[in-house]
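Note that the protein sequences, when read in sequence, are chains U and B. Start counting the first sequence at 1; every next residue gets the next number (our numbering). Start counting the second sequence at 1; every next residue gets the next number (our numbering).
There could be a bad hint or two in this list.
[Stated by the list, open to error] Calculated lysine-lysine pairs in the DSSO-like style (CA-CA distance at most 30 Å, straight line):
{"no.": "1", "chain 1": "U", "residue 1": "K49", "chain 2": "B", "residue 2": "K42"}
{"no.": "2", "chain 1": "U", "residue 1": "K69", "chain 2": "B", "residue 2": "K57"}
{"no.": "3", "chain 1": "U", "residue 1": "K69", "chain 2": "B", "residue 2": "K78"}
{"no.": "4", "chain 1": "B", "residue 1": "K57", "chain 2": "B", "residue 2": "K78"}
{"no.": "5", "chain 1": "B", "residue 1": "K83", "chain 2": "U", "residue 2": "K69"}
{"no.": "6", "chain 1": "B", "residue 1": "K57", "chain 2": "U", "residue 2": "K108"}
{"no.": "7", "chain 1": "U", "residue 1": "K49", "chain 2": "B", "residue 2": "K83"}
{"no.": "8", "chain 1": "B", "residue 1": "K83", "chain 2": "U", "residue 2": "K105"}
[Said to hold, decoys possible] Incomplete in silico selection of chain B near chain U, CB under 7 Å:
{"no.": "9", "residue": "K42"}
{"no.": "10", "residue": "E108"}
{"no.": "11", "residue": "G109"}
[Stated by the list, open to error] The calculated label-pair distances, taken between Cβ atoms and stated as ranges, are:
{"no.": "12", "chain 1": "B", "residue 1": "E18", "chain 2": "U", "residue 2": "R77", "range": "16 to 22 Å"}
{"no.": "13", "chain 1": "B", "residue 1": "Q14", "chain 2": "U", "residue 2": "Q45", "range": "46 to 52 Å"}
{"no.": "14", "chain 1": "B", "residue 1": "R80", "chain 2": "U", "residue 2": "E15", "range": "28 to 34 Å"}
{"no.": "15", "chain 1": "U", "residue 1": "D8", "chain 2": "B", "residue 2": "T76", "range": "25 to 31 Å"}
{"no.": "16", "chain 1": "U", "residue 1": "I112", "chain 2": "B", "residue 2": "K78", "range": "40 to 46 Å"}
{"no.": "17", "chain 1": "U", "residue 1": "P113", "chain 2": "B", "residue 2": "E59", "range": "32 to 38 Å"}
{"no.": "18", "chain 1": "U", "residue 1": "T55", "chain 2": "B", "residue 2": "D62", "range": "37 to 43 Å"}
{"no.": "19", "chain 1": "B", "residue 1": "D63", "chain 2": "U", "residue 2": "P113", "range": "49 to 55 Å"}
{"no.": "20", "chain 1": "B", "residue 1": "E59", "chain 2": "U", "residue 2": "K108", "range": "23 to 29 Å"}
{"no.": "21", "chain 1": "U", "residue 1": "T55", "chain 2": "B", "residue 2": "Q14", "range": "47 to 53 Å"}
{"no.": "22", "chain 1": "B", "residue 1": "S73", "chain 2": "U", "residue 2": "T55", "range": "35 to 41 Å"}
{"no.": "23", "chain 1": "B", "residue 1": "T76", "chain 2": "U", "residue 2": "N61", "range": "29 to 35 Å"}
{"no.": "24", "chain 1": "B", "residue 1": "S73", "chain 2": "U", "residue 2": "S98", "range": "24 to 30 Å"}
{"no.": "25", "chain 1": "U", "residue 1": "E15", "chain 2": "B", "residue 2": "T76", "range": "39 to 45 Å"}
Bear in mind the hints are in silico, worked out from the structure with no lab data behind them. Idealized CB from N, CA, C, for every residue including glycine.
Given next are the chains, with one letter for each unit.
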Amino acid sequence: AQSVTQLDSQVPVFEEAPVELRCNYSSSVSVYLFWYVQYPNQGLQLLLKYLSGSTLVKGINGFEAEFNKSQTSFHLRKPSVHISDTAEYFCAVTRAGSYQLTFGKGTKLSVIP
Amino acid sequence: EPEVTQTPSHQVTQMGQEVILRCVPISNHLYFYWYRQILGQKVEFLVSFYNNEISEKSEIFDDQFSVERPDGSNFTLKIRSTKLEDSAMYFCASRRTSGGTGELFFGEGSRLTVL
Numbered sequence: 001a002q003s004v005t006q007l008d009s010q011v012p013v014f015e016e017a018p019v020e021l022r023c024n025y026s027s028s029v030s031v032y033l034f035w036y037v038q039y040p041n042q043g044l045q046l047l048l049k050y051l052s053g054s055t056l057v058k059g060i061n062g063f064e065a066e067f068n069k070s071q072t073s074f075h076l077r078k079p080s081v082h083i084s085d086t087a088e089y090f091c092a093v094t095r096a097g098s099y100q101l102t103f104g105k106g107t108k109l110s111v112i113p
Numbered sequence: 001e002p003e004v005t006q007t008p009s010h011q012v013t014q015m016g017q018e019v020i021l022r023c024v025p026i027s028n029h030l031y032f033y034w035y036r037q038i039l040g041q042k043v044e045f046l047v048s049f050y051n052n053e054i055s056e057k058s059e060i061f062d063d064q065f066s067v068e069r070p071d072g073s074n075f076t077l078k079i080r081s082t083k084l085e086d087s088a089m090y091f092c093a094s095r096r097t098s099g100g101t102g103e104l105f106f107g108e109g110s111r112l113t114v115l
């Protein structure tokens, strides 16, 4: 079975500052990793995914994440955040070939003007 | 842009009543999912559905739950006799491709409140 830990439940950051949202996972098999974003009163939207290949993955809205197998991490980063990035961000993992996603508890990103 | 739509957006029901949550996946998608999120907790996988049968289900998805694709467009989740602990946001998702490259598209969710 897989598990995901998002250490930070809330992250406040000033507008135009960089941000990193942390995600660690555990699994005994090869995994796929995902970051989803949920804006208020909306569904989950895929930001980016790692399936295989390059460990640095670029997604929508200027976000990127790096898969680090040795540290079992998949941290999400953005060099300069905007007010519109205020949302809840979910890291998810599944074993390779499956879409039975295991989600983390989510990190609420608040961008301060 | 095509999207997954869910109805109702919010349903309030009495304990013991049957509830059906409806989803219209993206039209050319082949794989369908239900997830739920109890308030303050993680989003949890319930069930996946392909080719008119369940392909995976979690421990949460017990005999009180069932899924159906009654026609070519709808995908439903039925809770036969609701319990207080079924109160949650239920998300439907769909995916087009087989293999490991498809993206899950989620709906906006149906909030179920069991009193």
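We went through each hint and held it up to the structure:
no.	hint	verdict
1	K49(U) to K42(B)	holds, 19 Å
2	K69(U) to K57(B)	holds, 28 Å
3	K69(U) to K78(B)	violated, 39 Å
4	K57(B) to K78(B)	holds, 14 Å
5	K83(B) to K69(U)	violated, 41 Å
6	K57(B) to K108(U)	holds, 29 Å
7	K49(U) to K83(B)	violated, 35 Å
8	K83(B) to K105(U)	holds, 23 Å
9	K42	holds, 5 Å
10	E108	holds, 4 Å
11	G109	holds, 6 Å
12	E18(B) to R77(U): 16 to 22 Å	violated, 46 Å
13	Q14(B) to Q45(U): 46 to 52 Å	violated, 34 Å
14	R80(B) to E15(U): 28 to 34 Å	violated, 49 Å
15	D8(U) to T76(B): 25 to 31 Å	violated, 37 Å
16	I112(U) to K78(B): 40 to 46 Å	holds, 44 Å
17	P113(U) to E59(B): 32 to 38 Å	violated, 44 Å
18	T55(U) to D62(B): 37 to 43 Å	holds, 39 Å
19	D63(B) to P113(U): 49 to 55 Å	holds, 51 Å
20	E59(B) to K108(U): 23 to 29 Å	holds, 28 Å
21	T55(U) to Q14(B): 47 to 53 Å	holds, 51 Å
22	S73(B) to T55(U): 35 to 41 Å	holds, 39 Å
23	T76(B) to N61(U): 29 to 35 Å	holds, 33 Å
24	S73(B) to S98(U): 24 to 30 Å	holds, 26 Å
25	E15(U) to T76(B): 39 to 45 Å	holds, 43 Å
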